[in-house]
Amino acid sequence: MERIILHVDVNSAYLSWEAVYRLQHGARIDLRTIPSVIGGDEKSRRGIVLAKSIPAKKYDIQTGETLWSARSKCPNLVVLPPSYPLYLSCSDALVRLLKKYSPKVERYSGDECFVDLTGCTQKKTAEETAWEIKERCRTELGFTVNVGLSTNKLLAKMASELEKPDKMHTMYPHEIPEKLWPMPVRKLFLSGPKTLPKLYKLNIFTIGQLAHASPDLLQHHLKSHGLTIWKYANGIDDSPVVPDGRAVKGIGNSTTTPFDVDSEKEALLYLLSLTETAAMRLRSNKMLARVVTVSLRDTNLSFYSHQRRLVSPTDSTLLLYRQAKSLFKEMWRREPLRHLGVHLSDLVENKFYQTSFFDDTAVSRQQAIDKTIDEIRASYGADAVVRGLFPHSGIPPLCGGVYEAFPTMRSLL
Amino acid sequence: MKVLMQSVDMICCTNRDGVITPIKFRISDEKEENRIVKIDRILDRKEEKLAGNRMLVFTVQSIIRGRECRFEMKYEFSTCKWFLYKI
Chain A
1 MERIILHVDV NSAYLSWEAV YRLQHGARID LRTIPSVIGG DEKSRRGIVL AKSIPAKKYD
61 IQTGETLWSA RSKCPNLVVL PPSYPLYLSC SDALVRLLKK YSPKVERYSG DECFVDLTGC
121 TQKKTAEETA WEIKERCRTE LGFTVNVGLS TNKLLAKMAS ELEKPDKMHT MYPHEIPEKL
181 WPMPVRKLFL SGPKTLPKLY KLNIFTIGQL AHASPDLLQH HLKSHGLTIW KYANGIDDSP
241 VVPDGRAVKG IGNSTTTPFD VDSEKEALLY LLSLTETAAM RLRSNKMLAR VVTVSLRDTN
301 LSFYSHQRRL VSPTDSTLLL YRQAKSLFKE MWRREPLRHL GVHLSDLVEN KFYQTSFFDD
361 TAVSRQQAID KTIDEIRASY GADAVVRGLF PHSGIPPLCG GVYEAFPTMR SLL
Chain B
1001 MKVLMQSVDM ICCTNRDGVI TPIKFRISDE KEENRIVKID RILDRKEEKL AGNRMLVFTV
1061 QSIIRGRECR FEMKYEFSTC KWFLYKI
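Sequence order for the protein chains is A and B. Per our numbering, the first sequence starts with residue 1, numbered consecutively. Per our numbering, the second sequence starts with residue 1001, numbered consecutively.
Please keep in mind that the hints were generated in silico from the structure rather than gathered at the bench. On a predicted model such as this, the values are computed, not experimentally measured, just so you know. Careful: at least some of the hints might be erroneous.
Claimed, not checked - One-sided excerpt, in silico: chain A residues whose CB lies under 10 Å from chain B:
| id | residue |
| --- | --- |
| 1 | 17 |
| 2 | 21 |
| 3 | 25 |
| 4 | 27 |
| 5 | 86 |
| 6 | 89 |
| 7 | 90 |
| 8 | 94 |
Even glycine gets a Cβ: it sits at the ideal position worked out from N, Cα and C.
With the hints as extra help, turn the sequences into a complete structure.
What follows is the structure, encoded as structure tokens:
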């Protein structure tokens, strides 16, 4: 049986959520009607555009550019700080609304959801349901969405990208030549800045050209990724809609520092603080990690990383930090840093702990102390217990993580 | 009507079915003087969940300075605050 998949995408999500919330609280100006952006904090050097209004788009302001350059393009730009708890509640409200139509709702990122409508369209056609969802979002929740309708996730996602805002589009397989193929190849899911130059060299500029290219040629130039995007260009995708609770593949934490980090002591404190938050999240997910990755970005914005596989998986903050520390010492070229990150991957469930001959004898003591600290923090707040190294260091004892429960984008459909 | 969105002190009644009814409120004006307004009639009540934030919106009627006025009040569930929304 042919599936029916919807993709619901909130138009300029952060900005319209902020606008609706402010209107509800008596604001006289709708942020969506003036040049406005949601931007990070410039003082702590996180000053980039996170979301922009449609009038701001007319000034050629791009998501991800610095606030300084955005202001130079539009001097009377309104800049607002992000409020992640609000965005999470908006995202939850969207999911609640979608769950009234189908039990299979996947929150793909904070502002995007997939809905599997297969078998849920007895009373109304899929098009009518999609239209109704779009209308209800606007009238009940106050923000506009784009809805894409098709037979798989990829086509549904491409459909909702067609024309914005507040539109419903279909992209059934028979519509591919007419709707998908004329689009530029950069619009295709997963063809990013690394893939595009290679495709351009092969004289592939539209999705249609990619679809008609030889899969062998693409595989030769782009390895397995070539085959994936060739399938996507032909509208082939059979990934299922996974309702909430997708398995976590990795837990990472990174932070842009408010000042250039040029001493080893400060850098290690940042790493400890990042590991602490990452390990807490690892333990709350009841997982153990086997691979530790440390990534650095220097003041010239060049990025490099190092990773190591552990003998046995662990969730201990101390053991993970030791690995992060030794990785850092191996890789750091002593230049000033502006961004540090710790990523834990190759996760396994923590039902068993593989003891090893080379283990620290104090593993169980470490586990007990980690557990106690987690419990204290859960009851009395994250800053209830901090390591003695942090006070007066100017470095927050728990770094990273925009907002604990906030879902971010994934590169897997 | 003009949008005010000013927070107020409210006395309201919640009945056994959980239905909330505003009774009277106290508001301070520009001169920091308190004024007490008794709500005479509730003309309409509806719930809104804009941006996922649940609020009750009441359209009510009272006598203010000898004149019959119609205005809107809002109750925000997440903060338990009452607002004079529009008058």
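Going through the hints against the structure:
For residue 17(A), the suggested interface contact is upheld, since its CB lies about 5 Å from the closest CB of chain B, less than 10 Å. Contact between residue 21(A) and chain B, as hinted, is supported at the beta carbon level, the nearest pair being about 4 Å apart and thus within 10 Å. This hint holds: residue 25(A) has a C-beta 6 Å from the nearest C-beta of chain B, less than the 10 Å allowed. The interface hint given for residue 27(A) is met, as the beta carbon of that residue sits about 8 Å from the closest beta carbon of chain B, less than 10 Å.
The restraint placing residue 86(A) at the interface with chain B holds, with a minimum CB-CB distance near 7 Å, inside the 10 Å limit. With its C-beta approaching chain B no nearer than about 4 Å, residue 89(A) sits inside the 10 Å limit, and its interface hint holds. At a threshold of 10 Å, the smallest CB-CB gap from residue 90(A) to chain B is about 4 Å, leaving the interface hint in force. Interface hint at residue 94(A): satisfied, since its Cβ lies 7 Å from the closest Cβ of chain B, which is below the 10 Å cut-off.
When the structure is compared with the earlier hints, no violation turns up for any of them.
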